[in-house]
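Engineer: Below, each chain spelled out in residue letters.
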Amino acid sequence: MNIVVLVKYIPNPEGTPEMGPDHRLKREGVEGALDPGDEHSVEAALQLAGSDGEVTLVTMGPEAAVGALRRGLSMGGHKGVHVLDDSLKGADVLVTARVLAAVVKRQAGFDLVLAGVESTDGYTGTLPMAVAELLDLPNVTFARKVEVADGTLKVERQTEAGYDEVECPLPAVVTVTAGANEPRYPTLKGIMQAKQKPMDTLSVSDLGLSAEDVKATQEVMGLEPVAAKEAGEVIEDPEEAPGRVVEFLTKAKVI
Amino acid sequence: MDRDFGLTEDQREILAAVREFVREKAAPAAPGYEEKHELPRDLFRRLGEMGLAGIPYDERYGGAGQPFLTYLTVLEEVASGFFSLALTLSVHHLSASGLHRFGSDSLKEKYLPRLCSGEWLGAYALSEASSGSDAASLRTRADRSGDGSSYRLTGSKRFITHGGEAEYYLVMARTGGEGPSGISAFVIERGWEGFDFGKLEEKMGWHASPMRELLFEGCQVPAENLVGDEGEGFTIALAGLDSGRLGIAACSTGLAQAAFDAAVAFARERSQFGKPIIEFQGLQFMLADMATQIEAARRLYREVGRLRDAGGDYSQAASMAKLFASDTAMRVTTDAVQVHGGYGYMQEYPVERYMREAKALQIVEGTNQIQRMVIGRRLASS
Chain V
169 MNIVVLVKYI PNPEGTPEMG PDHRLKREGV EGALDPGDEH SVEAALQLAG
219 SDGEVTLVTM GPEAAVGALR RGLSMGGHKG VHVLDDSLKG ADVLVTARVL
269 AAVVKRQAGF DLVLAGVEST DGYTGTLPMA VAELLDLPNV TFARKVEVAD
319 GTLKVERQTE AGYDEVECPL PAVVTVTAGA NEPRYPTLKG IMQAKQKPMD
369 TLSVSDLGLS AEDVKATQEV MGLEPVAAKE AGEVIEDPEE APGRVVEFLT
419 KAKVI
Chain L
937 MDRDFGLTED QREILAAVRE FVREKAAPAA PGYEEKHELP RDLFRRLGEM
987 GLAGIPYDER YGGAGQPFLT YLTVLEEVAS GFFSLALTLS VHHLSASGLH
1037 RFGSDSLKEK YLPRLCSGEW LGAYALSEAS SGSDAASLRT RADRSGDGSS
1087 YRLTGSKRFI THGGEAEYYL VMARTGGEGP SGISAFVIER GWEGFDFGKL
1137 EEKMGWHASP MRELLFEGCQ VPAENLVGDE GEGFTIALAG LDSGRLGIAA
1187 CSTGLAQAAF DAAVAFARER SQFGKPIIEF QGLQFMLADM ATQIEAARRL
1237 YREVGRLRDA GGDYSQAASM AKLFASDTAM RVTTDAVQVH GGYGYMQEYP
1287 VERYMREAKA LQIVEGTNQI QRMVIGRRLA SS
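Protein sequence lines, in the order shown, are assigned to chains V and L.
Per my numbering, residue 169 is the first one in the first sequence, and the count goes up by one each step.
Per my numbering, residue 937 is the first one in the second sequence, and the count goes up by one each step.
Any given hint could be a false lead.
To be verified - Short derived list, chain V residues pointing at chain L, Cβ under 7 Å:
# : residue
1 : 216
2 : 219
3 : 353
To be verified - Derived pair list, reagent style DMTMM-like, types lysine to aspartate or glutamate, alpha-carbon separation capped at 20 Å:
#  : chain 1 : residue 1 : chain 2 : residue 2
4  : V       : 247       : V       : 380
5  : V       : 357       : L       : 956
6  : V       : 247       : L       : 946
7  : V       : 357       : L       : 1149
8  : V       : 313       : V       : 333
9  : V       : 357       : L       : 1055
10 : V       : 383       : V       : 408
11 : V       : 194       : V       : 387
12 : V       : 365       : L       : 946
13 : V       : 273       : V       : 289
14 : V       : 357       : L       : 1138
15 : L       : 972       : L       : 1138
To be verified - Just a sample of chain V residues kept apart from chain L, beta carbon distances all over 12 Å, derived:
#  : residue
16 : 182
17 : 380
18 : 384
Simulated from the structure, these hints should not be mistaken for lab results.
Using N, Cα and C, we set each Cβ at its ideal position, and we do this for glycine too.
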């Protein structure tokens, strides 16, 4: 089974990311790592691929983004594709999806595309669907369990109340939740071997995309901090409390 | 300051993975294991799965074939999050190194893959109740059978880390007359008849690193489990100790770093007289000395690790590294308690545990007086 995993290199997942003067995350010259959310899709891919399958990791981003691929390869991925092109700076979701879809199309005989639910830096949570749409593939989101039996994909799709069982034909695009698995740590051998694994670096023109294709359609005009939540009201008198709570809920039209 | 200055790209990447494992899995589990006095066997197994139980050993025996320095830096990292787990790794290595360097091919093929994978845990048995620093006076006997096919072990070993927990024991016993030349080394498996364990030792610290007495009552050991030649046991024991001393130096550095980090965090957080106590110069000077000593200990053990990797004679230097780093750990952990004031003496903060853990580092793998003797003897003889 050949699986493509879309991964992202994000700045400093542990700390507070810095914003640049263009109102975008500073991605260059800062410490970064494979998005922790993506570790779950890489793990799922490695488990599904088994010993005879192949896992291809794909990322788009600046030079440092190769770190995300390296990490996935040291976990056990087989090859990496890095789309590196200055014209992609500030790419929005649609542009990124076009680029990643173009890379996936080049992977002959792929069976499945996995991605995280959303990135830990941008949080749009829309990229995998856009990729599926561009590739004209079915898309299953929030997978807490992914299996393939007789060429059919079986997914337990996490919902608020529990989970749905979803089946769909392959190939498909699936987003994997953090609850799906516990990602493995890279092994010492994996780290050493990662450097020998094939890694392709591609530009926008290598992918057959035009300047128009990768022109961002969104512009970030400014940034505002989210307003701090107002402190809640504490009712200390036990006599008064029930009435006040009912009053509050009635006003809020909850009851 | 770049703590990992001078390390290769490979070493940095390995350390990054270890750091993550330590932060996410090992460090949070440490207080629980210490409280339960339980060996963190599952964490050790996971280190094995990551390929960290046999870092410097030949790949043909399941090792990773990486420099000894890599192993030392991993030890430091583990020690900074869960000291007893690092100790487990260090003792495991001490037990395997004698076999790796002196054992026959068949003996290595039999035991090393299981040790390198972390499936089996190793223990090293030299000390006895009446022979500590004077190790060559050990009394456990190994008598060869008439047909030469086996040895019969009788006696006991004291203060053996992993006693009762390990599957594999590198045991030094007397096959000949008195003195170092009468000593041989054997690989003995847990479960063999005539091999039993004494009660769990109650220690000042290192609670997640169980220690027991080994009891041999006519335990039959096949002759092929002799490591090296008869009479070579003391050399094997000491060679292991040279490596082991570097391991203890790395563990000491990691422990000191943990205490220092806790002290800095506390000093930033704690306010007295209207400002964080870290702004008082008296305290800054303490912290500055701690930082300097830790950095010196780190540089020293890593440089000696490089000397070992380069094939140099590192015995005296290993003693220096062990002496300096363990004394540093004692000083730094003591000062870390001081920085915490009354809180430092309480078990709700980890520094009192660090201080207890540091004390044993000045004793094991040769007391620091023995280290000075090793260094001094070289000076007298050259």
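Engineer: Going through the earlier hints one by one, which of them does the structure break, listed in rising order?
Structural biologist: 1, 2, 4, 7, 10, 13, 14 and 16
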